[in-house]
Amino acid sequence: MRELASSFTPAAAPTVISASLYSSPAASRGWWDDVNKSPQWQEGAFFSLATAYALVSAVALIQLIRIQHRVPKLRWTTQKIFHLMNFLVSGFRAVVFAFHAHVFLLRPRVYKLVLLDLPSLLFFSTYTLLVLFWAEIYHQVRSLPTDKLRPAYISINTIIYVVQLCIWIYLGIHDNAALELASKIFNVAVSCIALLGFSVYGGRLIFCLKRYPIESVGRQKKLYEVRTVTAICVTCFLIRCIVVALSAFVPDVSLEVLDHPILYFFFYSLAEIVPSGLVLFILGTLPPKQMPSRQYHTVR
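In my numbering, the protein residues as written are 1195 to 1494.
Because the hints were derived from the structure by calculation, they are not lab data. Be aware that one or more of the hints could be misleading.
[Claimed, not checked] Using 20 Å as the maximum straight-line C-alpha spacing, the simulated SDA-like pairs for lysine to any residue come out as follows:
| no. | residue 1 | residue 2 |
| --- | --- | --- |
| 1 | K1416 | K1306 |
| 2 | K1274 | L1403 |
| 3 | K1231 | Q1334 |
| 4 | K1306 | L1457 |
| 5 | K1416 | I1476 |
| 6 | K1378 | K1274 |
| 7 | K1378 | V1394 |
| 8 | K1378 | I1367 |
| 9 | K1378 | S1448 |
| 10 | K1378 | L1312 |
| 11 | K1415 | T1479 |
| 12 | K1306 | P1481 |
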């Protein structure tokens, strides 16, 4: 028995244990790093995003053409502007991701930041058009003045673009890490404004529609549209707030490097592509053929 026991030396056991402790994490991290740094994964993720954005852009353009064909004499309504901006934003993203290999190598870095962040601002302007429209409806129902709503929308967007432009100009002159952090925090604040707008006016409009008589024409359909679009937009801007805030402080969640293809794919899919597709589908009703232009101003 002593001879059998002596064959299991104390030095042998730690060697086996240490191998079992360190092999799994290293292999796991190595797999994740291999995926992120793989040119095949990067091309697959970015070209998939480019294709998806191109599809959303095409859908928005087709819808805009259908509306124009349906009512050719109709002025530029909120509905038309909304589809046009969706077409431009998604088209911009499609081009950027299709040429991702060149975009991420641009010098100075501010050019890359402009190409990645400008569509986010345009996305904000596009979907806050819905907030503006809902605010106008709510104020009309409550017999409140509506003359200050559109100037407020234009003023807020103007301030946002001017501030962001100043940040880009300064970053182009002095590549400052602190100012780049401030730019990300500013983008989080912009998304929070949209989140607050959808929460406030989406909720108010839902409450107003619930008070209408059940037999009101189109009540259930409009209630479904407002509820669904509010939920979609609140979710997508909340995701944007969380991820952009994390990217400002956690390097592994950075949205400005080429070797985070999986993060890019899921972030932009959940924050822009899927919400845009769903909203375009939900609000895809064409206007009536015979409707005076002075009466038509809704987003359907």
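Going down the list of hints, with the structure as the test:
1. Taking the CA atoms of K1416 and K1306, the gap is about 41 Å. The hint is violated against a cut of 20 Å.
2. A hinted pair counts as satisfied when its Cα atoms are at most 20 Å apart, and K1274 with L1403 does not qualify at roughly 24 Å.
3. For the hint linking K1231 to Q1334, the alpha-carbon distance of about 54 Å lies beyond 20 Å, and the restraint is violated.
4. Distance restraint check for K1306 and L1457: the Cα-Cα separation of roughly 18 Å lies within the 20 Å cut-off, and the hinted pair is therefore satisfied.
5. Taken as a hint, the K1416 and I1476 pair is honoured in the structure, with Cα atoms around 10 Å apart against an allowance of 20 Å.
6. Between K1378 and K1274, the direct Cα distance comes to roughly 31 Å. Violation of the 20 Å bound is thereby established for this hinted pair.
7. Proximity of K1378 to V1394 is assessed by CA-CA distance (about 24 Å); at most 20 Å being required, the pair is judged violated.
8. Restraint check for K1378 and I1367: satisfied, since their Cα atoms lie roughly 18 Å apart, inside the 20 Å limit.
9. Note on K1378 and S1448: the hinted pairing holds, with a Cα-Cα distance of about 11 Å set against a maximum of 20 Å.
10. Of the supplied pair hints, the one linking K1378 and L1312 holds, its CA atoms being roughly 12 Å apart against a limit of 20 Å.
11. Between K1415 and T1479 the alpha-carbon distance is near 11 Å, which keeps this suggested pair within the 20 Å criterion.
12. Distance hint between K1306 and P1481 is unfulfilled; the C-alpha atoms sit about 40 Å from each other, more than 20 Å.
Taken one by one, the earlier hints fail for this structure at numbers 1, 2, 3, 6, 7, 12, listed in ascending order.
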